[in-house]
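Asker: Please put together the full structure from these sequences, using the hints given.
As a plain string of letters, each chain reads:
Protein chains: 2
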Amino acid sequence: MKPMTIALVQMTCGPSKKQNLEKAGQKIAEAARKGARLVCLQELHATPYFCQTEDPACFDFAEPISGPTMKFLCTAAKKTKTVLVGSLFERRSAGLYHNTAVVIEKTGKIAGIYRKMHLPDDPSYYEKYYFAPGDLGFTPIASSVGKLGVLVCWDQWYPEAARLMALNGADLLIYPTAIGWEPSDTAAEKKRQLLAWTTMQQSHAIANGLHVVSINRVGLEKSPEHATKTNKGIVFWGNSFIAGPQGEILARASDTKEDLVVTALDLNRTEKVRRAWPFLRDRRIDAYNGLLKRFGC
Amino acid sequence: MKPMTIALVQMTCGPSKKQNLEKAGQKIAEAARKGARLVCLQELHATPYFCQTEDPACFDFAEPISGPTMKFLCTAAKKTKTVLVGSLFERRSAGLYHNTAVVIEKTGKIAGIYRKMHLPDDPSYYEKYYFAPGDLGFTPIASSVGKLGVLVCWDQWYPEAARLMALNGADLLIYPTAIGWEPSDTAAEKKRQLLAWTTMQQSHAIANGLHVVSINRVGLEKSPEHATKTNKGIVFWGNSFIAGPQGEILARASDTKEDLVVTALDLNRTEKVRRAWPFLRDRRIDAYNGLLKRFGC
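Residue numbers (my numbering), protein chains in the order written: chain A, 7 to 303; chain B, 7 to 303.
Think of the hints as simulated: they come from the structure by calculation, not from any bench. Just so you know, even glycine gets a beta-carbon here, dropped at the ideal spot from N, CA and C. A few of these clues could be false.
As the list claims (entries may be wrong) - Calculated cross-link-like contacts (lysine-lysine; reagent style BS3-like; alpha-carbon spacing at most 25 Å):
| no. | chain 1 | residue 1 | chain 2 | residue 2 |
| --- | --- | --- | --- | --- |
| 1 | B | Lys299 | A | Lys278 |
| 2 | A | Lys299 | B | Lys299 |
| 3 | A | Lys278 | B | Lys197 |
| 4 | A | Lys134 | B | Lys278 |
| 5 | B | Lys196 | A | Lys299 |
| 6 | A | Lys197 | B | Lys278 |
| 7 | B | Lys238 | A | Lys299 |
| 8 | A | Lys196 | A | Lys228 |
| 9 | B | Lys278 | A | Lys278 |
| 10 | B | Lys278 | A | Lys238 |
| 11 | B | Lys299 | A | Lys196 |
| 12 | A | Lys278 | B | Lys238 |
| 13 | B | Lys197 | A | Lys153 |
| 14 | A | Lys24 | A | Lys84 |
As the list claims (entries may be wrong) - Interface residues of chain A toward chain B, partial, derived using beta-carbon atoms under 8 Å:
| no. | residue |
| --- | --- |
| 15 | Tyr164 |
| 16 | Asp288 |
| 17 | Phe301 |
What the hints assert, rightly or not - Residues from chain A that keep clear of chain B, each with C-beta distances beyond 10 Å, as calculated:
| no. | residue |
| --- | --- |
| 18 | Ser22 |
| 19 | Lys23 |
| 20 | Cys64 |
| 21 | Glu69 |
| 22 | Ser72 |
| 23 | Pro74 |
| 24 | Ser150 |
| 25 | Ser260 |
| 26 | Lys263 |
| 27 | Ala270 |
| 28 | Pro284 |
| 29 | Phe285 |
Answerer: Right, here's the structure in full:
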């Protein structure tokens with residue numbers, strides 16, 4: 007297997023879907039010029055991170071998979087001959103929406119979708135209001151650049167999700183993400199959060215012996231409640247990165263600016279690392295029943 | 007809950023069980039003088055790491071739980087009024103041995119045992135030859151300093167083990183360990199291995215919102231096959247450490263020398279961190295059946 011060049015598009019998002027998509031399109035073209043065969047966009051890259059508040063009007067941001075956002079990306083994929091990982095606020099039916107990642111083949115055809123399985127609901131991240139839990143399980147999406155284990159943001163805190171993608175044959179894991187700091191947190195707390203986020207995803211690379219890619223948005227997005235509350239919004243922390251199968255950081259983007267990471271991945275490393283660290287061999291599947299419980303006590 | 011002072015005893019081991027135990031006894035006494043209420047020893051602290059080769063004579067190192075090693079530690083626990091986590095090459099019956107961790111209450115009574123569930127079998131770590139797989143599951147051991155989620159070495163690469171201990175109510179995770187470098191590996195490879203080992207365990211702290219403690223042995227132990235092979239033995243890499251519930255490193259021991267880490271842990275942090283990062287709330291137990299399979303394809 008030859009090295010596969012991957013690109014991570016880390017960007018800010020404004021209120022205009024059109025402008026966000028045009029920017030993404032320019033970055034995809036730039037990545038292709040730099041040799042990328044796989045280009046990954048961040049979570050909900052076509053819109054602001056509207057989940058900072060619960061507002062019925064925000065459902066207007068949603069589209070079906072056949073809608074204009076994915077049409078735009080399909081055209082971009084075909085034009086640049088790259089495989090794309092995009093993200094969509096998916097309108098599946100009236101009253102039924104998902105946070106969905108879409109893989110588009112370099113021919114412009116949709117290769118498959120993943121609907122976010124683990125949903126947060128925390129102050130400023132009211133995702134359980136907008137999205138129904140994914141119902142497609144943890145199935146990698148086959149593409150011309152490999153089987154892509156696409157997961158989304160909050161999934162990254164769950165070793166179960168990474169393991170299931172690996173057991174289902176993923177060649178690498180890809181996490182479109184939207185995570186940031188609360189501006190009022192202390193510098194020490196911010197540092198711990200960023201380190202925890204990176205560490206957790208590096209651990210998925212190690213436990214499963216594969217590359218892990220995380221694409222985060224960047225920059226401040228003010229809270230719609232700004233005028234009336236002390237909540238100042240979210241400072242998305244960038245730091246999009248690629249980890250190798252021993253968890254080693256291969257590339258990392260800026261923490262404050264838009265960035266385009268283009269890196270050649272040697273996916274053969276999975277074979278080598280798993281021979282040295284054969285963790286899949288020794289799982290105690292006879293003793294894991296408790297993982298299907300909410301709690302043991 | 008008041009802070010609980012914990013001690014990690016990181017030491018070298020020689021061929022004499024008596025001398026290894028005496029050294030451990032001195033360290034336990036020193037830890038108690040420094041205020042420790044819980045003292046943790048490394049994996050197989052009473053013997054050399056005999057698993058570097060497959061030799062039937064090494065079964066002579068084994069003892070029942072009622073044998074002299076645990077008698078020694080029970081006396082030490084009672085004398086110092088500390089809870090101890092010890093490790094034993096357990097002889098359960100003729101032809102049936104385990105790699106067993108033992109928790110001893112400060113009264114000198116055995117509080118419970120854990121038999122290593124995940125066993126390695128790699129060059130220089132022939133544990134599947136010596137040990138039968140543990141059959142007690144992932145059950146924390148109740149003690150006067152909390153419910154101790156005791157796991158052993160190779161278990162540390164398995165998010166499943168950490169998760170099950172947390173779901174079963176562990177207050178913290180404790181990994182007695184024996185891991186090191188092959189002397190002929192490159193400096194870059196050694197660095198990646200050490201970082202992967204630490205990262206993996208930090209991730210258990212993060213994913214489960216609790217403290218994680220790892221106690222490793224230190225120093226070169228030559229291979230018994232040294233005279234005839236190129237194998238030079240294992241350089242145990244020390245680096246025993248404590249991570250807080252966000253994965254942050256609170257203390258770390260030397261990478262080359264014996265060391266005694268004594269640190270006060272604020273176990274109340276688990277409540278605070280799990281409120282901010284409620285990962286246990288959102289597990290998709292309806293979609294985790296695949297975790298009970300060896301592989302999905």
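Asker: Please list, smallest to largest, the hint numbers that this structure does not respect.
Answerer: When the structure is compared with the hints, numbers 5, 7, 9, 11, 13, 28, 29 turn out to be violated.
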